[in-house]
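My request is simple: use the sequences and hints to build the entire structure.
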Amino acid sequence: MLRPEDFDFLAKLLKERSGLVITPDKAYLLESRLTPLARARNLKGIEDIVAKMRGHDEALARDVTEAMTTNESFFFRDTKPFDQFKDIVLPQVMAARMAKKSIRIWSAACSSGQEAYSLAMLLKEQSAKLNGWHVEIVGTDISVEMLDKAKAGLYSQFEVQRGLPIQMLVKYFKKKDESWQIDAGLRAMVQFREWNLLKDLRGLGQFDIVFCRNVLIYFDQPTKAGVLENISKLMPADAFLYLGGAETVLGISERFKPMAGQRGIYCLNKDGAATPSFPLKAPN
Amino acid sequence: MKSCLIVDDSKVIRMVAKKILNELGFRTEEAEDGIVALDRCIKQMPDAVLLDWNMPNMNGLEFLHELRKLPDGDRPIVVFCTTENDIDHIQEAITAGANEYIMKPFDSEILQAKFSQVGLL
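Heads up: the protein sequence lines correspond to chains A and B, in order. Residues in the first sequence are numbered consecutively from 1, following the numbering used here. Residues in the second sequence are numbered consecutively from 1001, following the numbering used here.
None of these hints come from the bench; they were simulated from the model. There's no promise every hint is true.
Simulated crosslink set (DSBU-like; lysine-lysine; CA at most 35 Å straight-line) [said to hold, decoys possible]: (1) A:K174 / B:K1069; (2) A:K124 / B:K1104; (3) B:K1104 / A:K26; (4) A:K151 / B:K1019; (5) A:K12 / A:K257; (6) A:K174 / B:K1011; (7) A:K129 / B:K1019; (8) B:K1018 / A:K174; (9) A:K257 / A:K233; (10) B:K1104 / A:K149.
As structure tokens, this is what we get:
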């Protein structure tokens, strides 16, 4: 049983490092995710983890954050955003970038890379139209472990069966022992970088299309507003933002407005007032 | 209500698939090999076929070839569901006219995802 003082310590640490809000009714998540970590480190349990972190064990604090922020991901999740990308957003961005023939796409909190690779596959399918274009996909996540998996592009049989059409599996993956590895050409299309969304994002550069789906749901309102504000600074006036189906900007940020008739897609609101800037806490 | 013919020589697999598909709103029928399945399709063409590969009498691939030759046989959406999990088998199934492919073991999440992908849900 998790002691209240340990819960408070962990909740505060996670909020500061990742923005993740853990409420007492979600204490079971701490138990289920941190118990294996304790075992792997030969510690007796969460109590020992907290004791070591109180002694400023940075590596352990990092592992705890990673264990708690790892979220599931699958190929072509929700399908519709990818249809919208192919049929509406990409053509609009291409028309707007015809002069420089360059597009940058960001998969924020990309976990093990399925969203970024889904986009890479879609772009590969459009390669005739994109001939002569430079398209860059950047995937970022707070978890080094997830990024290593993303870079390897190696997925279990279970993972490749969730959302990935079989024709895409045959075309873009190779079987490697009991796993499936995504084609080297597609891996080369995506650049994975460790980045905390609460940190200064400007080092990532500007993006024409941002996917930040099912991320804000884990944050409290001020953190959501701050992250949206920081994302907006990376977007030119005609860029697009994707949020998850259960997420919205309404009542949180005036920097974005929903794209008419396209659920889940947001454009910058030219008239929207900037949210008062404030520091988002995160370790460097 | 859409109909799905479950073709598998394992009674347990048929039972598991039937339960999942019923929960997804399908009316189901069962067949233990390709010959029985073909007979069922001749009598009434289903909307979907969940198809095992290795079965006695007539295997899944042979069944699929015969099904696609039948009048209206191009209508059912065929989802292979098999332990054959190498690229060559998958490619062979697609070439023969399979719409999707599930590698066993499977669960309700995978079955639902695959049926959604081919527009059955």
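Status of the hints after comparison with the structure:
no.	hint	result
1	A:K174 / B:K1069	holds, 32 Å
2	A:K124 / B:K1104	holds, 29 Å
3	B:K1104 / A:K26	holds, 34 Å
4	A:K151 / B:K1019	violated, 38 Å
5	A:K12 / A:K257	holds, 32 Å
6	A:K174 / B:K1011	holds, 32 Å
7	A:K129 / B:K1019	violated, 45 Å
8	B:K1018 / A:K174	holds, 32 Å
9	A:K257 / A:K233	holds, 15 Å
10	B:K1104 / A:K149	holds, 24 Å
The structure is inconsistent with the numbered hints 4 and 7, although it conforms to all the rest.
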